[in-house]
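Peer 1: The residues making up each chain are set out below.
There are 2 protein chains.
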Amino acid sequence: MPRIGQYRKGIAKREEIIEASLRVIAEQGYRGATVQELSKAVGLAKTSLLHYFESREDLLVEVLRRRDELDSAEFEGLSPEAGARQLVRTVRQNAGVPGLVELFVRLSAEATSPEHPGHEYFVERYAAARAAGAETMRGLQETGLLPSAADPECMAAILVALIDGLQIQWLLDGDLDMGGTIEHFLSVLASASGSEMSTTPGAPVRG
Amino acid sequence: MPRIGQYRKGIAKREEIIEASLRVIAEQGYRGATVQELSKAVGLAKTSLLHYFESREDLLVEVLRRRDELDSAEFEGLSPEAGARQLVRTVRQNAGVPGLVELFVRLSAEATSPEHPGHEYFVERYAAARAAGAETMRGLQETGLLPSAADPECMAAILVALIDGLQIQWLLDGDLDMGGTIEHFLSVLASASGSEMSTTPGAPVRG
Numbered sequence: 001m002p003r004i005g006q007y008r009k010g011i012a013k014r015e016e017i018i019e020a021s022l023r024v025i026a027e028q029g030y031r032g033a034t035v036q037e038l039s040k041a042v043g044l045a046k047t048s049l050l051h052y053f054e055s056r057e058d059l060l061v062e063v064l065r066r067r068d069e070l071d072s073a074e075f076e077g078l079s080p081e082a083g084a085r086q087l088v089r090t091v092r093q094n095a096g097v098p099g100l101v102e103l104f105v106r107l108s109a110e111a112t113s114p115e116h117p118g119h120e121y122f123v124e125r126y127a128a129a130r131a132a133g134a135e136t137m138r139g140l141q142e143t144g145l146l147p148s149a150a151d152p153e154c155m156a157a158i159l160v161a162l163i164d165g166l167q168i169q170w171l172l173d174g175d176l177d178m179g180g181t182i183e184h185f186l187s188v189l190a191s192a193s194g195s196e197m198s199t200t201p202g203a204p205v206r207g
Numbered sequence: 001m002p003r004i005g006q007y008r009k010g011i012a013k014r015e016e017i018i019e020a021s022l023r024v025i026a027e028q029g030y031r032g033a034t035v036q037e038l039s040k041a042v043g044l045a046k047t048s049l050l051h052y053f054e055s056r057e058d059l060l061v062e063v064l065r066r067r068d069e070l071d072s073a074e075f076e077g078l079s080p081e082a083g084a085r086q087l088v089r090t091v092r093q094n095a096g097v098p099g100l101v102e103l104f105v106r107l108s109a110e111a112t113s114p115e116h117p118g119h120e121y122f123v124e125r126y127a128a129a130r131a132a133g134a135e136t137m138r139g140l141q142e143t144g145l146l147p148s149a150a151d152p153e154c155m156a157a158i159l160v161a162l163i164d165g166l167q168i169q170w171l172l173d174g175d176l177d178m179g180g181t182i183e184h185f186l187s188v189l190a191s192a193s194g195s196e197m198s199t200t201p202g203a204p205v206r207g
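As you go down the protein sequences, you meet chains A and B in turn.
Using our numbering, the letters of the first sequence correspond one by one to residues 1 to 207.
Using our numbering, the letters of the second sequence correspond one by one to residues 1 to 207.
Because the hints were derived from the structure by calculation, they are not lab data.
So, partial list: chain A residues that the calculated Cβ filter (under 10 Å) puts toward chain B:
| no. | residue |
| --- | --- |
| 1 | TYR30 |
| 2 | VAL101 |
| 3 | GLU102 |
| 4 | VAL105 |
| 5 | ARG106 |
| 6 | THR112 |
| 7 | SER113 |
| 8 | ARG125 |
| 9 | ARG130 |
| 10 | CYS154 |
| 11 | ILE158 |
| 12 | LEU166 |
| 13 | LEU176 |
| 14 | HIS184 |
| 15 | ALA192 |
Here are a few chain A residues that sit away from chain B, every Cβ distance over 10 Å (derived from the structure):
| no. | residue |
| --- | --- |
| 16 | LYS9 |
| 17 | SER39 |
| 18 | GLY43 |
| 19 | PHE53 |
| 20 | SER72 |
| 21 | GLY77 |
| 22 | ASN94 |
| 23 | ARG138 |
| 24 | GLY179 |
A few chain A positions that, by computed beta-carbon distances, are all more than 12 Å from chain B:
| no. | residue |
| --- | --- |
| 25 | ARG56 |
| 26 | ARG67 |
| 27 | GLU74 |
Note that CB positions come from ideal geometry on N, CA and C, so glycine has one too.
Can you make the complete structure from the sequences, with help from the hints?
Peer 2: Here's what the structure looks like:
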């Protein structure tokens with residue numbers, strides 16, 4: 001069955017390109033994300049790379065999707081409070097890969113346009129992030145870490161927006177402590193509910 | 001003094017172009033923001049338009065700067081609580097001009113790159129927004145509308161991030177109520193401090 005073999009090889013090559021691109025952008029920054037640089041990293045000609053993806057944007061969306069999968073795996077089976085702590089950890093890790101943060105910020109902004117190849121990905125990603133966030137918020141509320149006046153769905157949209165907005169501010173001002181700011185936000189909500197998050201208290205210190 | 005006269009005419013023309021561009025983008029959306037469309041709107045040739053601005057990006061930054069001035073004027077002399085209510089109003093108004101929201105989202109993302117002509121504008125804008133926000137947060141804290149555990153500087157970065165992040169979500173999902181979400185955020189903080197914001201209570205309803 002040569003055709004199935006070919007197909008499998010194609011899938012494997014696609015995966016290899018996505019993995020290599022994720023690594024290149026994480027290590028060399030967003031400016032390394034040209035088709036030329038990415039092709040070089042996987043040892044392919046420019047035209048060959050675009051044989052596996054419809055466009056550069058198409059490949060970049062797959063890179064973000066892969067990162068989502070890796071990040072999501074860290075949240076599996078966690079309690080709402082542990083999930084909130086893991087979120088802070090994920091955001092802190094992001095500060096170590098500015099190229100991926102920039103990729104996300106740039107692509108999410110461009111993809112607000114319905115014609116962008118990444119539009120559907122982002123629409124679905126945000127809907128899923130809000131749904132997962134609402135689940136966590138309901139859990140935090142049940143354990144007294146979120147004021148009872150708060151609406152879990154709405155707080156989820158707020159948390160997601162907060163992460164995105166902080167990324168923009170951080171790219172413009174590297175002294176901003178993204179993880180510490182989110183930690184502070186969660187601890188203010190917890191203390192407002194008369195509880196305490198088991199994270200470092202206090203406001204983040206600007207580096 | 002013909003040279004000063006020329007200079008004044010140049011300034012006046014620049015202002016006219018900025019005003020017209022703001023109107024075109026507000027009315028026709030971000031896609032109307034091509035040099036061609038903007039030139040047509042002010043009755044100039046493409047090359048003449050670029051005689052007044054170094055680039056399209058340069059003009060678009062000035063459009064955002066003009067909008068900031070118009071928005072800022074609405075906050076003058078307001079108490080912290082009235083300022084918070086005005087913020088909700090401003091965000092609600094933004095939902096009526098998606099083109100300007102898209103312009104802001106796209107340009108702020110692109111301008112995180114230090115080479116972008118708008119980089120300095122955004123660095124300064126965010127520093128100023130956080131400073132003004134911290135002032136408001138301190139005022140809200142004094143009047144019991146923000147929990148005492150909250151750090152005003154940090155809450156200001158959070159509020160600014162929240163507004164930016166919600167814009168992205170709203171462009172991707174028009175049912176999201178940006179103003180209502182921010183109102184909910186402020187009212188949760190107020191109720192967590194044992195007070196009540198004099199705004200509509202409860203969670204926003206998705207349209």
